[in-house]
Every structure is written in C-alpha cells, then in structure tokens.
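What follows is each chain in one-letter form.
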Amino acid sequence: MNVQARREADPTNQRPFYRQFQPEALQDALRRMYLIRRFEEGAEDSYMRGLIHGTMHLSIGQEASAVGSCMHLRKTDYITSTHRGHGHCIAKGADPKLMFAEFFGKEEGYCRGRGGSMHIADVESGNLGANGIVAGGIPIAVGAALAIKKQKRDDVAVSFFGDGASNEGAFHEALNMASIWKLPVVFVCENNKYGMSVSTERSMAVEHVADRAAGYRMPGVIVDGNRIEDVSEAVMEATARARAGEGPSLIECKTYRIRGHSKSDRNRYRSKEEIEEWAAKDPIRHFELELIARGILDEAQVDTIRAAAEQEIAEAIDFAREGTDPTPDEVTRDVYTVDLA
Amino acid sequence: MNVQARREADPTNQRPFYRQFQPEALQDALRRMYLIRRFEEGAEDSYMRGLIHGTMHLSIGQEASAVGSCMHLRKTDYITSTHRGHGHCIAKGADPKLMFAEFFGKEEGYCRGRGGSMHIADVESGNLGANGIVAGGIPIAVGAALAIKKQKRDDVAVSFFGDGASNEGAFHEALNMASIWKLPVVFVCENNKYGMSVSTERSMAVEHVADRAAGYRMPGVIVDGNRIEDVSEAVMEATARARAGEGPSLIECKTYRIRGHSKSDRNRYRSKEEIEEWAAKDPIRHFELELIARGILDEAQVDTIRAAAEQEIAEAIDFAREGTDPTPDEVTRDVYTVDLA
Amino acid sequence: MNAPAIRELSYAQAIQEALAQAMDADPRVFLMGEDIGVYGGAFQVTGDLVHRYGEDRVMDTPIAELGAAGVAVGAALAGCRPVFEFQFSDFSALALEQIVNQAAKIRFMLGGKVSVPLVMRFPAGSGTGAAAQHSQSLEAWLAHVPGLKVIQPSTPYDIKGMLLAAIDDPDPVMVFEHKLLYKMKGDVPAEPYRVPIGKAIVRRAGTGISIVATSIMVHRALEAAEILSGEGIDAEVIDLRTLRPIDTATIIASVKKTGRLACVYEGVKTLGMGAEISAMIAESEAFDYLDAPILRLGGAEAPIPYNPVLEKASVPQTEVIVARVRDLLQGRI
Amino acid sequence: MNAPAIRELSYAQAIQEALAQAMDADPRVFLMGEDIGVYGGAFQVTGDLVHRYGEDRVMDTPIAELGAAGVAVGAALAGCRPVFEFQFSDFSALALEQIVNQAAKIRFMLGGKVSVPLVMRFPAGSGTGAAAQHSQSLEAWLAHVPGLKVIQPSTPYDIKGMLLAAIDDPDPVMVFEHKLLYKMKGDVPAEPYRVPIGKAIVRRAGTGISIVATSIMVHRALEAAEILSGEGIDAEVIDLRTLRPIDTATIIASVKKTGRLACVYEGVKTLGMGAEISAMIAESEAFDYLDAPILRLGGAEAPIPYNPVLEKASVPQTEVIVARVRDLLQGRI
Ligand SMILES: Cc1ncc(C[n+]2csc(CCOP(=O)(O)OP(=O)(O)O)c2C)c(N)n1
Ligand SMILES: Cc1ncc(C[n+]2csc(CCOP(=O)(O)OP(=O)(O)O)c2C)c(N)n1
Ligand SMILES: [Mg+2]
Ligand SMILES: [Mg+2]
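Chains as they are written, first to last, in UniProt numbering: chain G, 1 to 341; chain U, 1 to 341; chain Y, 1 to 333; chain A, 1 to 333.
Incorrect hints may have been included.
Here are the simulated lysine-lysine pairs, DSS-like style, with alpha carbons at most 27 Å apart [as the list claims (entries may be wrong)]:
1) U:149 / A:113
2) A:312 / U:75
3) Y:256 / Y:199
4) G:263 / A:183
5) A:312 / G:97
6) U:263 / Y:199
7) G:193 / G:97
8) Y:113 / A:183
9) G:193 / U:182
Bear in mind the hints are in silico, worked out from the structure with no lab data behind them. Computed from a predicted structure; not experimentally measured.
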C-alpha cells in the first residue's frame, strides 16, 4: 500500500492508535524500531567479524510487536522476554550501549558480561530478562503479576513468547494460574510461524495460538504483528483490562522472522519465496508510510530518525569494544548476594 | 429414579449401551463394579486393622467410569491409570487376589510387593500401571498409542486421570502431541470435583475439563460419570474414532469420590451434605436398577452377583495374607533387567 | 525480666511457628503450595495458618509444580518473599527447570543486579510405605547446583531457626524435611531466632571416629554412638545441617582429631551427600590424619520399595551403622 | 576377505552412523527430538536421516520436553525402542519427572514385569559461549539415579559402539555428549560394533598418578599427561566412559599401582562425578595404597558465564590440570 492508499483507508485519522499517542511518542516508536533493527544488524555484523562469540537470535521483521506492546508500559511495569529478546529490551527502554557492552562480554554490560544475548535484562526499566529456556519466562511474568497484585499496584506484567513456547506445559500452567487468580498480566505471543524449524502446522493442534485462550477463560486476540497500530491497540485494551483488575489476556501477533533461527540455521524448512513475501511486509516501512500518510512525519524526518539510530548504534558498538573485561578470578562473583566464604 | 420410572424413560430399550452388549457382558460389568467396591472396602478395612501400611486412594463412588470405559477394551488395548487406580485395574481384567497380594507386600502381588497401591499394574491385561505422579501417565498413554500406530495395530490406549491432573503441563503437552500425530488414544478424565482439597472452581480457569479439548482440536464430551451407560457410549464412540485412525478424544466423567482423598483426609474442604447428595447417586445402585428395569437381572440375581464379589474379595484377602514375604537381601533385584554385578 | 519461653514442639509445629512469625514480621512473606490452605498441608505443617493469614498469604496452587515454582520465582523478583511447599520432594523433578535454570542462576546471569529471595520446602525420605515416587531423598541434586543454598535440619530447634534464616536470606534456599521427623518433639524457644545457614554442629563429642550424618540419620547415628560407647568406641557425631555451602572446617577439625570418618545419609549412596563429604576430606589437609578408609553408608542402589521390610533395608538403620562402624574400627573394612 | 573398513569420522558422524545402523537392524528403533528432522538437529547430528528414514522414524517433536519424554517412555513400554534427543542437556531439567520417576523406576515398581528400552541423548558442556542455561554438565544428577545407566563416551569410536550397546540395552540409557566433541575426528569401523557399557578404559598407562577423567576432560588429561611426562611425571589416564554403573575394578587397580588419584570432570565440583570416584577409592581397598590426598578438578561453583575468558576459567583446562597434578606430586597439596 502506498501513501495515497493509506490516506484513503483512514481519511480522518480515526484509528485510536494515532489519536491516543502524541506525534512525539509515535516518532519515538519509529526511532525504537530502527534502533532494534540497526542493533541487530550491528550485532550480526560484529558476530560475522568474530567480535562476538556464542550465538544470537535476531528478531528482524518482528519489531512492531515489541515496540507496539511496550508503548503502553511504564517503567514500573514488567516484561519477561525470550531468547529472541533484543527488541523487547530496547522497546522497554534499554540503552543499546549497555546492551552491546553485554554482547561484548564487558563489565559495563547489563549483566556485566555474564549473561550475553540470551540473558540480557534491564531490571531498572522493568525488563526481568530474556530467557534461554523456551516458555521459561511465562510463569515468571505471572509471578511478577502476583507480586503487583499483592502490593496493590496498578502495574502490569507483559510476557513475550513464541508460537513454539505455547506447546510447553509451562504455558498451560501459567495461563491457568493467571486466570484463576485474575492477575494483571498480558501474554503476547509472537507467532512467527516456526519454532526453530518446526512450523505451527506441524507442532500445534490448533491453527492459532489465540485459540488456546478459551481454555483459560481469557480473551484471545489475533493481530497483524507487522502493523504496530494493530499490536498497540490490542495491547492497550489488554493492559487496561489488567490494570482494572479484570485479569489476563492473550494476544497473538502474526509475524515472521526474516533471519534464520540462530546462526546455525540453513533455512531448510522454509522457502525463499516465503521469506521474500514477508520481507515485503516490513513493519518499519509500513509504519513510516503510515506516519507520512497521516502527515506526522515526512520522508526527510524519517531519514533523520534512521540516521540518528544508525549513529547511536555505531557509537554503542564503539563504547562496547572499549569496555572492561572481567578478570578470571571473578568466576564465582555474584553467584550469591553475599559471597560465600 | 425407581425401577418404574427407568422403564418409562426408555420403554423400548433403545439405548445403544443396552443393545450393544449381551446380558452376560452387562452382568459382568455389574460384577466388576461390585468387585471394585468390595475390593476397596476390604482394603480400607485391612488398613484400619493395621494389615496394610502406607496410604491408599479409594475410588468408591467412581466405579462406573472405570468399568464403563474398559468394557470396550481388548486385552491388547492399553490403559494408564492413576493413584486412584484400583477400579481401572479391576475393570481392565486384573485378579483381585494378585492385587491384594500386592497390597500386602507379597511376592505373589502384581509388582512382587515393590509397588503397592500406587503402582499397581497388570501389564498382561494391558494396564501399564497406576502412577504416583499426577498426570504422569498421560504422556505415557500417548507414547503407547504412538507405538500402536507404528506397529499398525488397531488397538487403543486409554488414559485415566483426574480433574486436578488437567492443570499439569504434562496434560497440555500430551494432548497436543496426540492430536497433531492423530494417535489412537482416549483421554478419560474422572472429574470428582476436587484435586485433593482444591475444588475445580478454585484450580481451573474453565468450568469443565472438556472445555479444554478445543485447544487440542479434539472432541470434548461431558458425561454423567455415575451412569455406566453414559460413560460407555461416549467411550465407545471415542475408541471407534481412535481405531479408525481419526485421532484422540477427551471424555469428562462427572463423578465424586465418597471417601476422603487418602487416609489423611479430614474432609475440611467439602460439606457432609455434598457427600450425602452424591452418595445418593451411587453408580452401582443406578446400574442395578437399570438392569432390573430392563429385565436383564432381577433382585435375586443382583444379590447373587454381590455375594459372589464379596466371596471373591474375602478369598483374595486370605490368599494375600498367606503370601510370601520378599527377603531383605533382594533390595536391588529388578532395578535392571540384567542385575548389575 | 522473665526467662525466655521454651516449649516442646514437634518439628512440624516448629515449622508452622517459623512461618507464622515470618509472616508477622514481614508483609512480603507468603506461602504457596498444594493443599496448604484448608487441608493444612499433606503433613499438616501449615495447619490452620490459612485461617489466621487468609488465602492471599496461604495460597493453594493448582497441581502445576513447574508453573507454580515459576510464579514463586517471579514474585520473588518483584519484591515478595515466597515460601513454597512441595507436597513431596519427589515432585521437585517437575520443577527443576525453574529451580535450577532460573532461580539458581538469575542473579549470576544478570551480573548481580537482582536477588531471588525464595524458600522452597521439600518433605522427603522413606519410611511411610509410600513407595518409589513418594519416598526419595533428592537433596544431592540441589546441593550440586551453585546459586542455591540447601539445608536439612534435623531437630525442631534447628528447623525453626534455620527456616527463619532461610526466609531472611536474599538467595534461594532449599529446605529438606524428613517426613519421619515431623512428629519428633524438642525444645523450641517461643521467640523468633536464627540458626545460621552453613554451619554444621557437633551433636556428640568423641575421639574414636567422626560420623557425619544428615537429617534423620543424625538420630540414628546418635543411637549408634550410644551403643558403640558401650563397646568402648567413642564416636563424634556431626549433624551436617547445611548441604550447600558445606561447613568443611568443622568436619576437617573433627577428622583431624579422630582419624576416622563415616558418612551416613539416606539418599542413594552413589553421588549422595556422603560422596561429597568423603571426597572433601580425601582432598583436604585431614587426609594425612586418616587411619582407615572412609566409610559411606547411604541408601541402596534401588528405588524405595513398598514392602516395609524391603523399605527399611533400603536405607541405613541404627544396627547397620553400629555394625559397620565397629567393622571399621576393628580394621575389617 | 577384505580388512574391515575403518574411516575417519567425526563424533557427530559416528553417532549418525550408529543411529542409522540401529534403524536398519531393528524396525522398532526410531528417533525423536526437537528439530532433528529437516533441520538435522541443533548440532547436525541427525543430519539428513529424515530423508533416508522418513518422518515416522525421525520425528520432530513440539517444544515439550516433559511430554515428549513421557511419549518415549510409553512407546518403549509398548514395544518400541525410542532414541530421544534433548536439544541441550540443560532442558533435561524439564523432563526429569519422566526420566527419574517413571523410566528409571517402572521396572522396579512393577516387580520386574517390564523393561523400558529407552535411550536419551544429551548434548552437554560449556565452551560455545551459550551461557548458563545452555552449557551445563548435569550428568551427576542422572548418575545418582538407580534404574538408569549413564554413559559419557569421549571418542568417535566409543560413541558409536556405546550408542549401539545402549540401543540394545533393555533398560534406559542416558548418553552425555560434549558439544565440543562433535567435530572431533577419529577412526571408526564401518560395520556395527558394540563397546560395552560399564567398562572404563586406560587411555594412557603410567605409574606416577591415576587420572580419572570424563568426556572432554579425557583429552585434556591426556594433553596434561604428555606435558607432565616431560617433567618426569608418568600419569595413567583412565577414561571413565560409564558413570553408572562405575567400573570400580579398573580404577582401584590403577590406584593400587600409582598410589595417587586425580579426578577431572567438567560438572560442578561439589557432588560432581569426581566426588563419587574419590569417595569410592577412599572407602576401597585402594585406600591403603594412597600416598597423597585425592585431587579433584571439577567445574567452578558458579553457573557458566557468557564471557569467554570467564567461561574457560570455569572448567578445568589443560594447564590447570598440569599445574595441580604437579603440585600434588610435589607434595604441595
Ligand atoms: C525448553 C527449551 N527447549 C528447546 C530450546 C531450544 N530452542 C531455542 S529457541 C527454540 C524455538 C522457539 O520457538 P518459538 O517459541 O516459536 O520462538 P522463536 O524462536 O520462533 O522466536 C528452540 C527449540 C530451548 N531454548 N528451551
Ligand atoms: C505431580 C504431583 N503433584 C502432586 C501430587 C499429590 N497428589 C496426589 S493425588 C492429588 C490430587 C489429584 O487430583 P485429581 O487429579 O483430581 O485426582 P483425584 O485424586 O481427585 O482422583 C495430589 C495433589 C502428586 N502425587 N503428583
Ligand atoms: Mg516462533
Ligand atoms: Mg479430582
């Protein structure tokens, strides 16, 4: 859809998303989407160049669900994230400098170099952490929501997870508990069609992850995960419901990861055509065009935002490379709050 | 409902259950229900008298779901059972003598005294075992069904479990796999309203366990678990479906356990009235009256069946008491198929 | 001023008192577990606490150990102090992912930015005729995991004080309680007090051999020591109390004095707690003081059987401890 | 007759060949696991087997470790011979209930009336930068469990032969494979053959000290032995290979000869495999032959960190083995 068509689709700018958020907030959302994209491209590049070791899971193509979900969140709201968590982390407010420092294994990193990509967390911003265990964060989010309720706060916890994670028992147990205890938690499933190499058709008895919501007596909403406004409106409703004490919701964002599952993926389980088809639905480009069609930004401003993101990421990598290496005698540091004798 | 009312409810004996089974099979079903009841009363009595140690979980009041489900099963069909498994075991064809021998910890017992009530199994009859782990048997049944499919047999696996078990992740994972692989398995939930002390209202987000079936794209059927004909007809359909390669089903039998959860239960979580209300819906009495109303048995024949069951149980206890005690030097026997040096 | 009140309480009552006092002192503390509310817990440890503290602080969970453990981890991260009861320690096998991959590692993985103040209680052990899936002693699994602390108090006094210390602790503490101890009575001060985590205690001083025992085996070792003293064998009995971190100093000092060591524990012998105690001594400065092989008495290499005779034969009993220690002292091992 | 064909294969290729030969020989054998089909397995162990044997025999499971493990147990009970791949050994924490409470105990609980012929494969260990939840060495947990057999082959030759023996075995066999070994090459006969479970092997004969090592540590110990031999220290290196049941005879014989013992393993030191080896020797007839404390080199008391320098420092490296053995031999331990 070009700009003109977009204008005609919503001529009076009626969509709640565009009315609810100030232009600055919308621009900031675009900025974050770019930060995520460039962060991951920078990480990928650093990995290729041998600067980063281990593995990483890129969410390129999935930026709308991360940013759209977190736009409604306060610093005191929690998220739990996944192995594919860079986007969630930046969307919730993390500083790419400290994230890159973590990737480079430096003391300045969010986890002082102990966690790396798969455990990146930014507790101050309310990100309780990525998780190397598929579905591991789901019950943790429910627990955070339980704490919120006990503390009589009106915060919420948002749990991100993938389609594959919804086949884990932890998903079932967690959603059931969230529902019976009416906890302020929003389950955001990023359904990118595959759990590693296994498609949802082959791994899930139902067509949509949202079909599972009925089993827990909670709303199950399907949105186009590549359209930030769709994601955001659904999450807005769910967080409002949660803050009002009406319990959890499940939102399924239909999306796609453009890159392979991790660095070892040879894309044998999907076709080039499928990847290209989804690449054409790029969530960033979609959002840009909407902002332009609605007169919130013009192309030049978009360029400025993109350039600033690029700049920020380049600086972050420089910052990280110059960070401090942990010393090997510190192997047992921080295993306990008070080091054992 | 008295005999007359029952006659009027189905004046031409149209119910499939009564047409499908020969009178002998129906009488045998009643006999098994009595065997289960008397078995458990005998076990309870032996426990009170200090002859049996440990604990036990009685299914008194739940006999219809066990017997009604197993009437359709062949010896080569499998069941997996639960901590409340005496009924399933007898219904699938076990010999009460060998069961009591197990309770008394004797070499003659089904498990040579190693298993006791919670692990009783009768593999020759297709009972893969009770299970001390709530929901532990559900994936095992799915695995047995997978084996059946691989071996191109037209047998089925039936997994019994309770309402409480359906809150375990293993339930979710197992039902999903059974469905995606279209396995010949029937999930029979005996919903007796409580998982130990916690009611389904307090532990389950949905009202019925059968509501969960939709999340696995399989039929979810609710039946009166105290009416053997209701159970049996539902299981008949499900096993036919399974044998025909059409995949799994979930059947929820609404029932009630009259005794406490185990020997330590003080019934603090439910009322006397509730217990009495359900005692009045006794599945055995119901079945007797139906058989009488339909002219399949008269009261005297019922008395004969009951007396025979009593006799069989009394003899079984005598047999068990005289069994052989294992010797303490055999502690590590049967840990491995070939004893380690 | 009055002398501080000391009453006889059972081990289970001592736990209940600790839980109540912790909840009184700190609104962040709450309990969760299966049937801990109106049922009072499978072993009546929580008793009527739900009536005193309400369902919000004494929460019955669905039967969903993994998810519920994860809820506890999340609540701990977000400012609560959950005390989680497993109905039987065997069911911890369902929740190890949250205990080991999450609770034990989160602080470390996050570079020390958070703590996970979580207490989990595990009714463990054999002797109740509950067979293989309800009688295990799995404490060695968790004692193998850095990031956890693991305790195994053997007396009403210790369980109260160590449980209170565990609830104070900023890190996850795993509490193994032997089911046969729940009814055991002992003197317990009414006031809250702490018994430090990480300290073993000499329960009986002696010079002929050091017996390091855990949980219910402490009592059997003490009985054995009494019998042995009648034969002129003067055993020192050490109650390990904490499995991680191990109080190596106390054990090393004892072995240096006695020159002999026996480890008595209920868990499966291979890779059970005694393996670690033995290896720790064999690599320590106490090695040079050893006058005999290190005796290990652990559980049989078999699941716990239902039959009561076999069940008893599966784990060390007093007579066996006496006989084996005697053999050791007489050079027959 | 031609000489039997022997080729160089990688450890991963040797596994793949064993799986293929087992499937060729026995229609009951099938594979299940996450992404073992068209993806070829996270470590490319199953490779293109799905194309050769079809999706029914090389089954991708949903991400549902507990349930899938239970499915494997049920299939084994009903006449199949499943070989189950965990994507990472760390995820076994999700499935321990089926492994430990079910697979390991069913035969015993049922009085010997059934067997559970199940093989599970666990890619384990650190060194890939995958951090705390993807780098653990948890083999000691399963080696603590009666009813299981646990193996940890260290060479392409052994993994092929031991895996085939495991698939033959009527009981559950747990196979720990170090991820860093997958690419290691070695001579492997083309024909199927068996290497018996339960037998350790002396990889290097020596007289000065016995080093018992497991998995990748066997290779580091051999490297260390080479270096030490240049200093006049003649180490015997034993590859444990099977963790349950332990081949005590081979180790005892070696220690009687050398008078010294070091255990080298990657798992956390406390309650890791070295604890058992050390304790086993300390209670055995070999005790009297010991001339020095028993050295244990295990993993740090910490989760595996992401930073590569810390990661290396967390587990024994060749230089550390050399230094500590030297210290021991020079009486500095
Ligand atoms: C418990 C567990 N099982 C398996 C894995 C290996 N693994 C990591 S990501 C992944 C796929 C997850 O799929 P999904 O939940 O859809 O998330 P996505 O990767 O598509 O974002 C798998 C199998 C893991 N990390 N944890
Ligand atoms: C995994 C596990 N958690 C808890 C228990 C303790 N337990 C035994 S039976 C039971 C209640 C089970 O409820 P349900 O599934 O409804 O079966 P019912 O007892 O009502 O027949 C509980 C909590 C157990 N045996 N296994
Ligand atoms: Mg996915
Ligand atoms: Mg129930």
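Status of the hints after comparison with the structure:
| no. | hint | result |
| --- | --- | --- |
| 1 | U:149 / A:113 | 23 Å, holds |
| 2 | A:312 / U:75 | 57 Å, violated |
| 3 | Y:256 / Y:199 | 18 Å, holds |
| 4 | G:263 / A:183 | 17 Å, holds |
| 5 | A:312 / G:97 | 26 Å, holds |
| 6 | U:263 / Y:199 | 38 Å, violated |
| 7 | G:193 / G:97 | 31 Å, violated |
| 8 | Y:113 / A:183 | 37 Å, violated |
| 9 | G:193 / U:182 | 21 Å, holds |
Violation of the numbered hints given earlier is confined to hints 2, 6, 7 and 8; the remaining hints are satisfied by the structure.
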